[in-house]
Structure formats: structure tokens, C-alpha cells
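First to last, the sequence lines map onto chains H and L. Sequential numbering of the first sequence, starting at 1, is according to the UniProt record's numbering. Sequential numbering of the second sequence, starting at 1, is according to the UniProt record's numbering.
Hints are not guaranteed to be accurate.
In silico DSS-like cross-links for lysine-lysine, where the CA-CA straight-line distance does not exceed 25 Å [to be verified]:
(1) L:Lys130 with H:Lys61
(2) L:Lys139 with L:Lys106
(3) H:Lys61 with H:Lys106
(4) L:Lys139 with L:Lys61
(5) L:Lys130 with L:Lys120
(6) L:Lys130 with L:Lys61
(7) H:Lys120 with L:Lys61
(8) H:Lys97 with H:Lys120
(9) L:Lys130 with H:Lys106
(10) H:Lys61 with H:Lys139
(11) H:Lys145 with H:Lys97
(12) H:Lys61 with L:Lys106
Everything labelled a hint here was simulated from the structure, so no lab data went into it.
Chain by chain, the residues:
Protein chains: 2
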Amino acid sequence: MKKTTVLSAALLASALAMPAAAQMSVEDQIETRQSAYQFAAWNMGKIKAQAVDEEVEYDEKQIAAAANAIAAVANSGMGTLYSRDSANDRADDTRLKPNFFDELDKVQEIAVSFAQESSKLQEIAASGDKAAVARQFAKVGETCKNCHDNFRAE
Amino acid sequence: MKKTTVLSAALLASALAMPAAAQMSVEDQIETRQSAYQFAAWNMGKIKAQAVDEEVEYDEKQIAAAANAIAAVANSGMGTLYSRDSANDRADDTRLKPNFFDELDKVQEIAVSFAQESSKLQEIAASGDKAAVARQFAKVGETCKNCHDNFRAE
């Protein structure tokens, strides 16, 4: 158990070190991660409106597309957008707290559940069962909240 | 031919009128569409770095995830983020040109090719043929450019 956790943190650390694209500036990292989350939040909002609050008519295709979008964010390898210098003790216009880099095990755990719960949401959305979508939406929302409670400043 | 085009524009117009979520403010529409495109651009950048410029080692999983992300943006129903009041003759902090709303046929045509070319990129990325990915990346890039040349201010 201990070993896996340590390994996961090591993997994350190496993901942080090996960029998928050319090295990005701290400003670009911040803007890009904020964009990714905002795109996810817009799509969460559609599912909330249609499956949870039921204030907009349920549209299976829109819900499936929204779930695809959230899963695409969760699986996009956002670790490369987090360099130590991009936390709010060193950079402007960001709410990332520096403890993120002291708790990479926890970060990894939350990132993995975000990916798993959104992949599940994607499957359920494809089947079109509104109540099941609403339940799984809540699970995804918990992973967002868990990360924000730990690593995002007010 | 004429009929289909007119119908498509009508469909787009109705998509603009019928939100997938609760009505958004003009500011939220602008921020959200900019976020979606920026998230797409980040993922295009990864494919460019790995499959076109070859400055970063090709990683099939990262490329597949990036292609999923671009397709998710293209299929996310961004039409609802474009209200007439959100063009740059009426709103701040946006580069959307008002002619967008006079040329809905062309908008629709570009939006459809963006969706089709990115879905193709998604398929090709899953198979992992680097040269084919590079070719299809260029096709997707043309749809981005086509939209910007017509509807995005400098």
C-alpha cells in the first residue's frame, strides 16, 4: 500500500517533469488549467440543469457530449500544467495553493478518482438513464470539491 | 442543396435560442467559449509538438487523449455560447466579429467540418500512425483558421 502510493507520487512527479508539449510559461500553465476547469464546469452545469435541477429538458445527446467533455478534461494529463512556480505564493492570478506540491500523493489520488468517476459518468450518460446520470454527476462533483477544498484558495 | 443549407442555419439559430443549461450572461458566454478554444489549442499544441514538429517524443496515449479533448470541444454544442450581444461591437473583452450572425450558413458549415475533422483525428490517433495523425492534424487546423479568418478580430 505504502509502496504504491510512493510510486504514484513518483509517477506524478515525472509527469510534472516531462512535458507533453514544449515547455510552457508559468502564465500559460495558469491560463490553460483555468480554461480546462472552466470548460469542465460549463459541461457539469449542463448536466446539473438537465439531470439534477431539471430546469432544462433532458437531451440525451447533449448529456453524452457533456460527459465526454468532462472525461476529456480529466484524462488530458493536466499534471504538466502544475509547476512549483505557478502556485499563488510565487505567481499572480492563480488560486493554486503551494501545499499541492507537498501532498502529491493526495493530488494523485484525487486526480485518479476524477478520471475514474468521469469515465463512469461517460458510460452512464451514453445509456441515457437520467437518475443514474444524476447520481454519478454527484460523485464527479465530489472529486472537484475535494481538490478545491485542499488545493484551491478562496 | 440550397434547402439543406437554409435548414442548417435554421437549426443553428434554434440551437442559439434553446440553451442546454440555464441562460448564461454575455460575460459567461465569452469566458466559456474562450476557455473551450484555449483548452482545444493546448491539446492541438501537444499533437503538433509530438507528431508534426517532433520536438517531444511521440506518446500514443497522450495523442489519443489530446484528440479526444479536441473532439469533445468540437462536439460540445458551443452554439449556445454565441448570443448577438456577445459580439465585439456590443461587448468587451471579446474578439467575436458581429458578421458571425449575418453568415450563419458559413458558421454552420465550419462548425460541422470542425466536428467531422476532429472525430477523424480521434479515430486516427487511436490507431497510432504518427504520419497520418500529422496529416489529419493539419485538416483540423484548417477549420480553426477558417473560422478565425472569418469571424475573429485581430
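Status of each hint after checking the structure:
no.	hint	result
1	L:Lys130 with H:Lys61	31 Å, violated
2	L:Lys139 with L:Lys106	17 Å, holds
3	H:Lys61 with H:Lys106	34 Å, violated
4	L:Lys139 with L:Lys61	21 Å, holds
5	L:Lys130 with L:Lys120	14 Å, holds
6	L:Lys130 with L:Lys61	12 Å, holds
7	H:Lys120 with L:Lys61	19 Å, holds
8	H:Lys97 with H:Lys120	29 Å, violated
9	L:Lys130 with H:Lys106	35 Å, violated
10	H:Lys61 with H:Lys139	21 Å, holds
11	H:Lys145 with H:Lys97	15 Å, holds
12	H:Lys61 with L:Lys106	24 Å, holds
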